[in-house]
Structure formats: C-alpha cells, structure tokens
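Enquirer: Each chain, letter by letter, is given below.
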Amino acid sequence: MCYYNGQKVSREEFIRLMALERATKNYDFLNKGVISGFTDTPVAVVVATEGNTNFDIVQMEWGFIPNYLNTREEVNRMRKGYKDTNGKYVPGQPQLNAKSENLFVSERSGRRSMFYDAAKNRRCLVLSSGYFDWRHVYRTNKKTGEKLKTPDKYPYYVSLREHEYFYMAAIWNPWTDKETGEMANTVALVTAVANPLMKQVHNSKERMPTILSDELAWRWISEDLSEQEILEIAATQYPYQEMSACTVASDFLGKLDPTEPFTYDNLPAIELVV
Amino acid sequence: MDWEAIYRGHRVKIGKRSVKGAEVYYVSSSPEKKPLVLTRALKSGGKEFWTSIPQGMQREAEEIGAIIDNLEK
Numbered sequence: 001m002c003y004y005n006g007q008k009v010s011r012e013e014f015i016r017l018m019a020l021e022r023a024t025k026n027y028d029f030l031n032k033g034v035i036s037g038f039t040d041t042p043v044a045v046v047v048a049t050e051g052n053t054n055f056d057i058v059q060m061e062w063g064f065i066p067n068y069l070n071t072r073e074e075v076n077r078m079r080k081g082y083k084d085t086n087g088k089y090v091p092g093q094p095q096l097n098a099k100s101e102n103l104f105v106s107e108r109s110g111r112r113s114m115f116y117d118a119a120k121n122r123r124c125l126v127l128s129s130g131y132f133d134w135r136h137v138y139r140t141n142k143k144t145g146e147k148l149k150t151p152d153k154y155p156y157y158v159s160l161r162e163h164e165y166f167y168m169a170a171i172w173n174p175w176t177d178k179e180t181g182e183m184a185n186t187v188a189l190v191t192a193v194a195n196p197l198m199k200q201v202h203n204s205k206e207r208m209p210t211i212l213s214d215e216l217a218w219r220w221i222s223e224d225l226s227e228q229e230i231l232e233i234a235a236t237q238y239p240y241q242e243m244s245a246c247t248v249a250s251d252f253l254g255k256l257d258p259t260e261p262f263t264y265d266n267l268p269a270i271e272l273v274v
Numbered sequence: 275m276d277w278e279a280i281y282r283g284h285r286v287k288i289g290k291r292s293v294k295g296a297e298v299y300y301v302s303s304s305p306e307k308k309p310l311v312l313t314r315a316l317k318s319g320g321k322e323f324w325t326s327i328p329q330g331m332q333r334e335a336e337e338i339g340a341i342i343d344n345l346e347k
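Heads up: the sequence lines are chains A and B, in that order.
Read in order, the letters of the first sequence are residues 1 to 274 in the working numbering.
Read in order, the letters of the second sequence are residues 275 to 347 in the working numbering.
Isolated chain B, as found in the complex (with noise of 0.2 angstroms):
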C-alpha cells in the first residue's frame, strides 16, 4: 500500500509494509534519503501512540501518523 500525501509543504511517500508482523509505514521525502520508519505502539496505559523506529523523531511520528490515520479512515 502507498500513498503520496504533503507533509511541511513537501511531497512524500507512504508506504505501509509488513515487517515481523508489524505494520510499519516508510515516509520517503527523496529516493536518495533514508526514510523516516513509523509504527503504532502502545503507553503502559494501553492507548495507542505513534512512534519513530529507531527513537528520535517524535514529533514527525506524531504529526505524519496523524496524516496517516486520516489515509486509512
């Protein structure tokens, strides 16, 4: 499954794959860059949450899974 969506007023591509029965999406802004990886979690409160594998990209998971959601409704 891809999508194309704008994200800070860029174009980039969402791919949602399947890794080790997860469901992770691949955001690409340019083939030439390392895609940023999302996946939904859990917090220990058993609410979802959307995250950046590996950490550090917090806010983009949270902004671009929102974008996501949307997608998949």
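Chain A extracted, bound-state conformation (with noise of 0.2 angstroms):
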C-alpha cells in the first residue's frame, strides 16, 4: 500500500499517478494561454509515428534552426540580428515562419531552400486554438493630410469558428550544438497568401498561417507527397467564411485571458465584400 497526498492509494495507482506527474512536467505548454515565438516556451507539435499509422505530441522550439549554425551564438545573431565586419547592422531572421512559396527555392537566391530537406522528410502540424496579429493603421497628419510614417498597431485575436483546436502546417529540424552537444527540435510554421479576411487584418504583410482541414492535416504529417503536393498544401487558404477575427487588448499578454475582446474607438471595421 502507498499513499500519495496523504492518500492511501494501490501501488498500481500510485505508479499511474508517478507517470502523471513526469508527464505534465514534460508538458509544460499545456497551461500556457499565449505562446509567443520571442520567447523559450516551446510548442505543441503533432508527427506522425513511424510506419504514419498514428501520430504523437511533442514539444519543440519555436524558430527553425538550419544545420549551417554551429553554436547557439551563432543562432542567436541570427535571430536577432547583429552587425557584420563593416559596422552594418543585419536584422534578425527568427525563422518563426517558412513561407510555402520558399519551401524548396529560395526566392531570394533562388537557390536550394533551407526548407528543402523538412518540407520533403519531416513536415508537421502545430497545435493551435487561435493565433494573434496585428492590423496597422496609419493616421493622417492633420495640418498636412498626409499619411504618419508610423502606424498605429492593433492587435487581433483570430481563431476558427467552429473549431476549438485546430492545425497549422509546419516543417522541423533536429538541430545539435556542435560545441556543447545541445540537441533541439526546432520548428517553423508554414505560411501562406492572406485570405481576404488576413489580408485586412495582418495588413502588413498579407500571409497567414497555413491552417490545413483534418483530411489535409493527416495527409500533410503522414503521405509520401511530391514536391507538386507539398506546394499545394502549403499553400492553402483556409476559407475566410469560417473564420473570425475580434480585436483585443494592446496589452493582451498579461491577461488572465488574453483573447477577452477590446473594443477600439476609432478602428474603422473590417470590410468583407462577399
């Protein structure tokens, strides 16, 4: 007999409630309201098993990390950006997001993506029950009439209308400090064109993420596609009718829930012609 908790319980029980424990402990995303990819909380990742007959939940880090960085130096001048021999500054590159057109030619070199060998080998879905972006509306100068540089940035709390979870393509890496031997699984989001409703909200740059139906999120994680059938699940606009999108609080971060709506004097609404 043992107790737990001043509990008598069965050993059997007792050993279920040891594996809880070491569970929960591994699992500490679970609790979080906002996961916020400028942090070290990781994320809940769906793989498939091996032989795709199942699939499990893991956890990873935010920020795809390329094998061609050796140290966690080097991967923190790259997110955050650094200033080369010359005293130029170059911008971080969180590598939070892989956009589905640079999965396999990168379009900037239009060479070889980094992407190349997760989106072929290890593509996966990120767990999710709805994400933040920011909408930005530029103020006019009222003696001029021209527009401010700098616009005012209005967070939008974006979520499914009919699903409490749901999926996002993603692609991952194991990645090894080569001096230290620290091994990470590291994880981008696959992105893909804003749909109507996106593109009002996330107006800078007009992406979303690549939010995939259960048929395509099965078939993402677990079929041998071809690069054609990888593109075009990548990428998919989920439809924008099912979507809702509700402004919350500038300070959201800190709220007990974060996804509480915040009504905004001044916001001209969002206009969907259907």
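In case anyone wonders, no lab produced these hints; they're calculated from the structure.
Worth double-checking, as some hints may not be accurate.
[Said to hold, decoys possible] The calculated EDC-like cross-link candidates involving lysine to aspartate or glutamate, where the alpha carbons are at most 20 angstroms apart (straight line), are:
{"#": "1", "chain 1": "B", "residue 1": "Lys321", "chain 2": "A", "residue 2": "Glu13"}
{"#": "2", "chain 1": "B", "residue 1": "Lys307", "chain 2": "B", "residue 2": "Glu322"}
{"#": "3", "chain 1": "B", "residue 1": "Lys307", "chain 2": "A", "residue 2": "Glu21"}
{"#": "4", "chain 1": "B", "residue 1": "Lys307", "chain 2": "A", "residue 2": "Asp251"}
[What the hints assert, rightly or not] Far from chain A, by Cβ distances over 10 angstroms, these chain B residues were calculated:
{"#": "5", "residue": "Glu278"}
{"#": "6", "residue": "Tyr281"}
{"#": "7", "residue": "Arg282"}
{"#": "8", "residue": "Gly283"}
{"#": "9", "residue": "Ala340"}
{"#": "10", "residue": "Ile341"}
{"#": "11", "residue": "Ile342"}
{"#": "12", "residue": "Asp343"}
{"#": "13", "residue": "Asn344"}
{"#": "14", "residue": "Leu345"}
{"#": "15", "residue": "Glu346"}
{"#": "16", "residue": "Lys347"}
C-beta: ideal position from N, C-alpha, C; glycine also.
Given two chains presented individually in distinct reference frames, assemble the corresponding complex, making use of the accompanying hints.
Expert: This is the structure we're talking about:
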C-alpha cells in the first residue's frame, strides 16, 4: 500500500500518478494562453509515428535552426540581428515562419531552400486554438493631410468559428550545437498568402498561417507527397467565412484571458465583400 | 475546455487537458505563475479523490476539485 498526497492508494494507482507527474512536467505548454515566438516557451507539435499509422504530440522550440549554424551564439545572432564586419546592422531572422513559396527554392537567392529537407521529410503540425496578428492603421497628419510614417498597431485574436483547436502546417529540423552537444527539435510554421479576412488584419505582410482541415493535416504529416503536392497543401488558404477576428487589448499578453474582446474607438471596421 | 472561477477571492482560470489518457486540470491565477495541476485519483477502497500533481497541495486540490465538480455537473 502507498500514500499519495496523504491518501492511501494502491501501488498501481501510485505508479499511474507518478507517471502522470512526469508527463505533466514534460508538457509545460498546456497551460499557456499565449505562446510567443520571441520567448523560450515550447510549442505543441503533432508528428506522425513510425510507419505513419498514428501520431504523437511532442514539444519543439519555435524558430527553425538550419544545420549550417554551429552554436547557440550563431543562432542568437541570426535570430536577433548583428553588426557585420563593416559595422552594418544585419536584421534578425527568427525563422518562426517558412513561406510556402520558399519551401524548395529560396525566393531571394533562387537556390535550394534551407527548408528543402524538412519540407520533403519532416512535416508536422502545430496545434492551436487561435493566434494573434496586428493590423496597421496609418493616421493622417491633421495639418498636411499626409499619411503618418508610423502606423498604429491593433492586435487581433484570430480563431476558427467551429473548431476549439486546429492544425497549422509546419516543418521541423533536429539541430545539434556542435560545441556543447545540446540537441533541439526546432519548428517553423508554414505560411500562405492571406485570404480576404487576413489581408485586412495582417495588412502589413498579407500572410497567414497555413491552416489545414483534418483530412489535409493527416495527409501533410503521413503521406509520401510529391513536391507539387507539398506546395499545393502548403499554399492552402483556409476559408475566411469560417474564421473570426476580434480586436483584443494592447496589453493582452499579461491578461488572464488574452483573447477577451476589446473595442477601440476610431478603429475602422474590417470590410469583407462577399 | 476552459473555465473561470473565483477561488479564495481570486479569479482563476481552469483548463482541462488530456495527458497520457488521463484528465488533468490546470489552475492558473496569473500567466506568470506556474499553474497548479490537479487530477482525480482512486483511494485504495475505490473511492475517488482530488489530488495535486505533484503532491503537496492536497487542501487546495480538494477545494478547487469541488469547484470543478460543480462546473462539470
């Protein structure tokens, strides 16, 4: 007979509770209302098991680390930016997202993309209940009538009307720090061209995460797909009629319920022409 | 599944999750604080009881567990 929290339990129950302790310790993302790509909080990722007959939920670091980076120091330079040998600032690239158009060929260089292997062999899904994006609104100068250079930024919470949870297409890469031996599985969300709703919400970049139906999500992680099929699924635009976008408070990150709607006076409504 | 409740005068958020086939409940009073994790377990006589995971918060587990029982009615 054993005791758990002062209660007499069977050995079998004790073992179950101890296993649960270990499991909850490993899944520290479950209670997070908001996971930011700019913190170290791991994200919940769905990967197919060997043989593609089932799937597992695992934790990964958000921010794809390519294998040509050797150390954490190099990773931090890539993510946060640095000054090159001429003193010129090179902006950071956190690699939180992988554009669907860039999965096999880099748009910038026209050469093989750093996402190539992952897109071909390590596709996964990020579980989400909703995400936040910012709408940029430019006020005009009252005297000159010209548009101000710096926009006001309004956060929106975007979710799916009929789904408490949904899948975002992603790709992952196992990375090892060649100095310390630290191993990390890192992940990037795949993004598509924004649909009519997200074009207005994320109006600075006009992109959106590739949200997949259950059927496409399963194909994304479990099937041996051709490059063409991968590109087609990666470019999926989830129907805007099934999505909702609602403004939230600018300090939503610190709120008990970050998704609580908040109304901004003077913010023009989103207009959708159906 | 998520709820909000008042516990000892504080607003808390309660989330229900499935971990390794078991139902566990996360109780958060602030996004900065580590959540309290609760689950239902079986006493040796077969009766259910609320417990914290890990051990050490039995009183809170029973009090908040009773709130959850009500929420799930």
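Enquirer: All the hints need checking, so say for each whether the structure fits it.
Expert: Status of each hint after checking the structure:
| no. | hint | result |
| --- | --- | --- |
| 1 | Lys321/B with Glu13/A | holds, 12 angstroms |
| 2 | Lys307/B with Glu322/B | violated, 28 angstroms |
| 3 | Lys307/B with Glu21/A | holds, 18 angstroms |
| 4 | Lys307/B with Asp251/A | holds, 17 angstroms |
| 5 | Glu278 | violated, 7 angstroms |
| 6 | Tyr281 | holds, 13 angstroms |
| 7 | Arg282 | holds, 15 angstroms |
| 8 | Gly283 | holds, 14 angstroms |
| 9 | Ala340 | holds, 16 angstroms |
| 10 | Ile341 | holds, 16 angstroms |
| 11 | Ile342 | holds, 15 angstroms |
| 12 | Asp343 | holds, 17 angstroms |
| 13 | Asn344 | holds, 20 angstroms |
| 14 | Leu345 | holds, 16 angstroms |
| 15 | Glu346 | holds, 16 angstroms |
| 16 | Lys347 | holds, 21 angstroms |
Going down the numbered hints, you'll see the structure goes against 2, 5, while the others check out.
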